[in-house]
Structures are given as C-alpha cells and as structure tokens.
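K.L.:
Modelling step: build the complete structure from the supplied sequences, incorporating the hints.
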Amino acid sequence: MTSYLIREATIGAGDRADIHVSGGVIAEVGVGLSANGATVIDADGLVALPGLVDLHTHLRQPGYEASETVLSGSQAAAAGGFTAVHAMANTFPVADSAGVVDEIYHLGRSAGYVEVRPVGAVTAGLEGTRLAELGAMARSEAAVRVFSDDGKCVSDPLIMRRALEYVRGFDGVIAQHAQDPRLTEGAQANEGAVASELGLTGWPSVAEEAIIARDILLAEHVGSRLHICHLSTAGSVELVRWAKKRGIRVTAEATPHHLLLTDENLRSYDARFKVNPPLRTSEDVQAVREGVADGTIDIIATDHAPHPIESKDCEWAAAAFGMVGLESALSVVQESLVNTGMIDWDDVARILSVTPASIGRVAGQGHSLATGAPGNITLIDPAAASVFTTDRLAGKSGNSPYIGLTLPGRVEWTFFRGRATVSSGTLVPVDEVAA
Amino acid sequence: MKHLLSTADLTKAQAIELLDIAEDMAEVRTREVKKLPTLRGRTVVNLFFEDSTRTRTSFEAAAKRLSADVINFSAKGSSVSKGESLKDTAQTLEAIGADLVVVRHSASGAPQVLAQSGWIHSGVVNAGDGTHEHPTQALLDAFTIRRRIHGSSSRGADLQGLTVLIVGDIVHSRVARSNLWLLTTLGAHVTFAAPATLVPLAIDRWPVDVVHDFDEALAVKPDVVMMLRIQTERMRNAFFPTEREYARLWGLDQDRYRGLKPEALIMHPGPMNRGLEISSEAADSAQATVLEQVANGVSVRMAVLYALSALPDADILGRPE
Chain A
1 MTSYLIREAT
11 IGAGDRADIH
21 VSGGVIAEVG
31 VGLSANGATV
41 IDADGLVALP
51 GLVDLHTHLR
61 QPGYEASETV
71 LSGSQAAAAG
81 GFTAVHAMAN
91 TFPVADSAGV
101 VDEIYHLGRS
111 AGYVEVRPVG
121 AVTAGLEGTR
131 LAELGAMARS
141 EAAVRVFSDD
151 GKCVSDPLIM
161 RRALEYVRGF
171 DGVIAQHAQD
181 PRLTEGAQAN
191 EGAVASELGL
201 TGWPSVAEEA
211 IIARDILLAE
221 HVGSRLHICH
231 LSTAGSVELV
241 RWAKKRGIRV
251 TAEATPHHLL
261 LTDENLRSYD
271 ARFKVNPPLR
281 TSEDVQAVRE
291 GVADGTIDII
301 ATDHAPHPIE
311 SKDCEWAAAA
321 FGMVGLESAL
331 SVVQESLVNT
341 GMIDWDDVAR
351 ILSVTPASIG
361 RVAGQGHSLA
371 TGAPGNITLI
381 DPAAASVFTT
391 DRLAGKSGNS
401 PYIGLTLPGR
411 VEWTFFRGRA
421 TVSSGTLVPV
431 DEVAA
Chain B
1 MKHLLSTADL
11 TKAQAIELLD
21 IAEDMAEVRT
31 REVKKLPTLR
41 GRTVVNLFFE
51 DSTRTRTSFE
61 AAAKRLSADV
71 INFSAKGSSV
81 SKGESLKDTA
91 QTLEAIGADL
101 VVVRHSASGA
111 PQVLAQSGWI
121 HSGVVNAGDG
131 THEHPTQALL
141 DAFTIRRRIH
151 GSSSRGADLQ
161 GLTVLIVGDI
171 VHSRVARSNL
181 WLLTTLGAHV
191 TFAAPATLVP
201 LAIDRWPVDV
211 VHDFDEALAV
221 KPDVVMMLRI
231 QTERMRNAFF
241 PTEREYARLW
251 GLDQDRYRGL
261 KPEALIMHPG
271 PMNRGLEISS
281 EAADSAQATV
291 LEQVANGVSV
301 RMAVLYALSA
311 LPDADILGRP
321 E
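Protein chains in written order, with the working numbering: chain A, 1 to 435; chain B, 1 to 321.
By construction, these hints were calculated from the structure, which means they are not laboratory data. Any given hint might turn out to be false.
[Stated by the list, open to error] Listed next, the in silico DSS-like pairs over lysine-lysine satisfying Cα-Cα at most 30 Å (straight line):
id, chain 1, residue 1, chain 2, residue 2
1, B, Lys12, B, Lys221
2, B, Lys261, B, Lys35
3, B, Lys35, B, Lys64
4, B, Lys64, B, Lys34
5, A, Lys152, A, Lys396
6, B, Lys2, B, Lys64
7, B, Lys87, A, Lys312
8, B, Lys87, A, Lys396
9, B, Lys2, A, Lys312
P.N.:
As structure tokens, this is what we get:
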C-alpha cells in the first residue's frame with residue numbers, strides 16, 4: 001500500500017503540520033517529517049479534516065439503480081470528501097431485514113470508496129404499522145445502529161415509543177423524518193408567502209415541529225436516543241434547544257440546502273428545488289445556521305437524493321422530491337457557515353465527521369487527526385472558488401440545485417483507510433480503489 | 001410579449017392596451033363577417049390536460065375568428081392519459097408545428113415550465129394552471145367591468161377607485177389570484193371575503209384586504225361582487241362544515257343581493273352552483289354579468305392570441321390594422 005506524506009497541511013482551525021499516512025493509519029503527525037519513500041503531497045494552503053461522515057444518504061440500491069448504485073453513490077461521497085455514508089432504508093426491497101442490510105454493506109465493501117453503513121427501517125416495509133426486525137439488523141454483519149423510515153414519518157406515537165425503547169438494548173438510535181402526514185397531504189412547498197403566490201399546496205412548519213415536540217417528549221419518557229433528520233424550521237431549532245437544556249438525549253441534523261437556499265428559489269418552478277422537507281424562508285435559514293453555530297444542531301447531513309432526469313424535467317407537481325448533495329456539501333457549509341464567520345474548520349470537522357460518526361456509532365470514523373488514528377483524511381482547498389457544474393458530480397444523477405452557482409472550496413484529496421480515493425481533485429478510478 | 005403566464009407580469013399600459021385590442025375584437029364580432037385574416041396560416045394548439053369545455057371552446061372560437069388553424073389536444077383519450085410526460089407532449093406539438101400553445105394544466109407553474117423549457121419555441125398562453133393563475137379570465141373580468149362602468153368610452157380607461165369584493169374559495173382559486181394582480185394594476189381596490197380556511201396563508205404583503213364576514217364586507221357597498229365557485233369536495237378536508245352553512249354564511253342569497261347598491265356588478269367565472277354560492281335571483285338579475293363574461297372572453301382571447309402571435313417581440317403591444 002502506498003504511503004503518503006502530507007506536507008504543511010493546516011489541521012482544522014489549528015496549526016500546520018505534516019501527516020504521514022502508512023499502513024492504513026496515520027503513522028505520525030508532526031513538523032518537518034521526512035518522506036522516507038512516501039508520496040509527497042504539497043498541502044500548503046490546504047485544510048486537513050478527518051474524513052467526512054454522512055448520516056443521511058440515499059444510495060438507491062437495491063431497486064432504483066437508474067438513479068444511483070452503492071458504487072456510484074460511494075464515488076459521489078468520496079468526491080465530496082466523505083469516507084463514510086449511512087445508506088437510507090427506502091430501497092426496493094426496503095432495508096428492513098438482516099438480508100438486505102448485509103447486501104448493502106457488502107456492496108459498499110466491494111465498491112471500496114467509503115464505509116457504507118446501512119440504515120435499517122424502523123417499520124416493516126416503511127409502512128408504519130409494525131416494527132421491522134431491528135434486533136436482527138443490529139446483530140447482522142452490517143451491525144446496524146441507525147434506524148429510520150426516512151422519506152416517511154413514524155407517525156404512530158405508540159410505534160415510535162416502542163422503537164425508541166427497543167433499540168436502547170443495542171445502543172441504537174431512531175432517526176425521525178418529522179412530518180405529520182395529515183398536515184402535509186399533497187404538500188408541494190413551504191407553506192407561506194411564496195407557496196401562496198405560486199399556488200402550491202403548503203407544507204407547514206408545524207407539521208415538522210409537532211412531530212419533533214412529541215418525539216422529544218417520548219425520548220425523555222423512555223430515556224432513549226432520538227435523532228432528528230433534516231431539521232428545517234426556526235421553530236424546530238427552538239424545540240431541540242429546549243430539549244437539550246432539559247438533558248433529553250436528542251441530536252439533530254440540518255442539510256446543506258437548508259443552510260443556503262430558500263423558497264424564493266421556487267419562483268422558477270424549477271423542480272431541482274423540490275425537496276422534502278421543503279426549502280423554507282430566509283428567517284428559517286438564519287435560525288438553522290445559528291442552531292449549528294451554537295451546537296443545538298449537532299451535524300450536517302446531506303440527504304443526498306439522486307433522481308433520474310425525467311423525475312425533474314417536468315412540471316412541479318409531477319417532480320420527485322430530493323436533490324443530490326454529497327459533492328457540494330462541504331462547499332455549501334463553507335459558504336454558509338465558515339465564510340460567514342459563524343463557525344471555524346474545527347467546527348466543520350465536528351459537524352461533518354466527529355459527531356455524525358458518534359451518533360451512528362461508527363468506530364473507525366470521525367477520529368481527530370492524530371498519530372494512530374485511522375487513515376481517513378480529507379484535504380480541501382478553501383481558497384478555490386468556482387462555478388459549480390455537473391463536472392463536479394460523480395454520482396449517477398445530476399439533480400443538483402447548485403449548478404451555475406459560484407461556491408467556495410474544493411476537495412483535493414480524500415483518503416479512506418490510508419488509500420487515496422480522490423487524488424489532486426480527481427476521483428481515483430474504481431480498479432485502483434478496489435485493488 | 002411572447003407568453004402570457006401571469007397577470008402579475010403585465011404593466012398597466014400593457015393591460016390597458018390588451019383590453020383596448022379586445023374592444024377592437026368585440027367590434028369585429030358585430031360585423032357581418034365576424035372574422036379577421038390576422039392569423040391565417042398560423043397554428044394554435046389548445047393543450048388541455050384538465051377538462052374545461054368552456055375555456056377550450058372560448059379559445060377555439062377566438063383562434064378561428066382570427067383565421068388560425070386550431071388543433072385541440074386534450075389529455076383524455078390521448079397518450080397523456082397513458083402517462084406521456086409534459087415534455088414529450090410539448091415536443092410532439094413542436095414537431096407538428098404549433099405557433100402558439102394554449103395550455104391548461106392541473107399543476108401550478110406548468111405553463112411557465114413549458115415556456116422556459118426549450119422543449120418548444122412557440123408562445124405559451126396560460127389557460128389556467130392549478131391553483132396559480134388564470135390570466136385570460138382576469139382580463140375578461142376586467143374587460144367586463146370596464147365596459148359596464150365606462151361603456152363606449154372604455155378605450156384607454158383604467159379601473160381607478162373601483163372596489164371589488166371577491167368571495168369564497170380564494171386559496172384554491174387561480175381566478176382570484178389573477179384578478180387580484182390585474183385589478184390592482186388597473187387601479188381597483190380588492191377585498192377577499194372568505195372563512196379563514198379558504199384564504200391563503202401569509203398574504204399580508206398582497207395588495208388586498210381580507211374579511212372573514214361576508215356581511216361586513218358587503219356593508220361598505222362594493223362596486224363589484226365576484227363570487228367564486230365552491231367545490232363541495234372541499235368539505236372532506238374540513239375547509240367548511242356543510243353546504244348549508246356555506247350557503248348561509250357565504251352565499252349571495254336574496255337578502256344580500258337586495259342589499260347591494262343597484263349599480264353593483266355581480267360576477268361569476270362559471271359554472272355556478274345556484275343555491276350554494278349564488279342565488280338564482282342574483283345570477284339572473286340585470287346586475288349579473290355572467291353571460292357577458294363568456295362573450296367578452298372570446299374578444300379578450302382574440303386580443304391575447306393576436307398580441308402574442310402577431311407581435312411577439314413588441315414591448316408595448318401594437319394595434320391590429
């Protein structure tokens with residue numbers, strides 16, 4: 001295996017150092033290390049972060065391979081600086097059994113770009129009526145710890161309560177897609193001024209907040225871990241802030257798109273902006289940013305949701321919800337949080353690597369860059385700013401809302417277990433990665 | 001003007017010019033030969049993804065009176081009902097050679113998507129999209145009001161100072177939205193009267209007053225009362241309790257009709273639910289403009305088709321010769 005000497009990288013928000021990567025781990029971190037035959041990378045001006053970990057990714061396999069596969073999604077992840085992703089359960093068949101989660105886990109291993117951690121469905125077939133075999137998935141080879149019906153809300157309060165209690169036995173977490181189904185029937189856009197003008201059925205904030213409030217209280221009642229997926233409203237931030245103050249075991253994620261885009265983007269009726277939960281108002285965006293900055297929101301997760309062209313090249317109502325986000329996540333975080341002075345690069349390491357790995361109980365990920373840590377490293381050039389184009393997309397689908405926007409930052413190198421998956425800004429070919 | 005997608009896009013000058021062209025078109029209809037050669041050799045496609053015999057017939061009559069070739073393409077019985085996409089349908093029409101596409105769609109924004117898509121190069125007329133807009137309905141309503149108020153001196157006139165009350169299912173109404181933008185542009189003052197369930201949220205920046213009591217709204221003696229059709233299936237999602245309660249609180253019944261000032265106009269985009277949102281006495285009165293609206297619809301749509309196909313590049317519309 002090649003060993004690398006990363007020279008003069010800036011470690012997060014801290015000092016410059018050399019990082020020697022060898023044998024799949026960080027062999028040494030120090031100043032003025034000698035190459036000793038290692039491939040030398042001039043990292044002057046680059047920021048080194050622990051490999052990024054996404055708690056919320058749709059890899060679409062099995063069942064929707066026209067949109068994405070475990071391999072293509074892993075490539076998109078590597079291109080975005082990730083070394084681990086959590087594959088959501090809304091595949092076909094649904095990832096609600098040990099057999100399916102193990103299949104996804106093995107597909108991830110053979111792809112070799114990132115660690116693929118399958119998420120198990122909370123309820124059988126995502127139907128919300130009876131628990132999936134959570135224990136079997138936890139004890140499978142994939143060792144599932146995150147369970148979610150994402151795409152659908154576990155809306156039945158009794159099922160939610162039982163799920164929270166049941167997974168406590170193996171330190172699992174329920175990741176809730178907070179959306180009251182009755183309050184969002186036919187919903188197409190954030191309920192508010194823009195949707196009213198455009199004539200789009202509203203997706204009200206209260207439909208998210210009511211579920212979060214309920215689940216926070218359930219989590220407190222049973223003492224279990226609750227994670228809130230893609231929190232998107234100012235009210236949700238307030239609720240989570242309150243829950244944390246009370247010591248309830250709740251964590252929350254926000255997506256990059258809810259940090260940057262608003263419902264004003266919908267005026268074009270361009271279906272690339274159709275996503276669930278919907279793009280909210282600029283006040284919500286500001287509240288979500290502040291929630292990340294003050295630690296109320298623990299992590300950023302992409303909700304990378306690939307769709308084929310025909311699912312977006314159509315009228316708004318017919319279009320699918322979702323946008324790809326792995327390749328753009330770091331740039332959007334830099335644009336909305338770092339360049340605005342709200343957080344620094346150490347915080348980025350925390351919200352995009354350390355904490356998501358901890359919530360997902362992923363042992364080999366999210367380690368700070370120190371001697372002996374796994375060789376999962378992302379090197380980015382924060383000074384690079386460029387127009388985001390489809391060239392930046394490494395997955396199968398092109399439904400990015402950022403095409404044409406100028407965004408800062410670029411992933412130059414990604415190392416997964418000591419191997420480069422992105423080299424000098426270019427994705428390493430599959431035969432070299434899997435070798 | 002290449003497309004007509006929303007009345008919010010029209011300046012006051014453009015709106016008045018369109019209405020003036022419609023006056024010319026109305027004149028043509030009084031002649032012995034009710035036809036103009038203006039669009040001879042042009043093809044107008046009525047692309048209707050949603051049933052609407054009234055609107056489709058009105059556009060068809062308008063196009064034919066301008067000597068255009070008309071193709072009616074309705075979703076029912078076509079490949080659309082078998083799942084053909086908007087894109088494929090549009091590209092098919094482009095291949096056939098449409099010069100103007102008149103589109104009615106259940107999805108808000110579908111005409112705008114069509115106009116921006118690059119799938120077709122023809123002009124697009126929004127003939128009603130979801131709960132978004134219905135610009136030609138608003139133009140024919142404005143035209144009808146202007147004619148009733150200003151009579152033969154309508155040309156060049158606006159609707160300055162008029163008070164218009166729009167009543168009923170505002171939240172689902174493309175007619176209410178298009179009318180609000182257009183009537184306001186023309187100088188009228190609009191009030192919505194509806195139960196809170198039927199008013200869109202967060203419209204405090206809209207140029208409109210909202211009243212949740214029909215009688216209170218009528219007490220100020222509006223110049224125009226526009227009743228919207230209520231769909232009884234709205235009861236299923238609890239927008240209102242019963243037809244009986246709706247008719248009692250929001251219907252233009254006999255008493256409310258008799259309380260209007262004598263010159264007040266009573267409008268309805270049709271089709272009416274007699275006895276529900278409007279009483280027969282009101283609907284059949286001399287103050288009612290329902291049939292005039294239908295007749296004026298043809299003139300207004302002639303004006304729109306003319307303006308878009310004969311003068312697609314003109315900023316301010318020209319006048320027909």
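K.L.:
Now look at each hint and say whether the structure bears it out.
P.N.:
Outcome of the hint check:
1. Lys12(B) / Lys221(B): Cα-Cα ~26 Å, so holds.
2. Lys261(B) / Lys35(B): Between Lys261(B) and Lys35(B) the Cα gap is close to 39 Å, so the pair fails against 30 Å, i.e. violated.
3. Lys35(B) / Lys64(B): holds (8 Å)
4. Lys64(B) / Lys34(B): Between Lys64(B) and Lys34(B) the Cα gap is close to 10 Å, so the pair holds against 30 Å.
5. Lys152(A) / Lys396(A): holds (24 Å)
6. Lys2(B) / Lys64(B): holds (20 Å)
7. Lys87(B) / Lys312(A): Holds: Lys87(B) and Lys312(A) sit about 11 Å apart, inside 30 Å.
8. Lys87(B) / Lys396(A): Since the Cα atoms of Lys87(B) and Lys396(A) sit roughly 22 Å apart, the hinted pair holds (cutoff 30 Å).
9. Lys2(B) / Lys312(A): At roughly 25 Å apart (the allowed maximum being 30 Å), Lys312(A) and Lys2(B) satisfy the hint.
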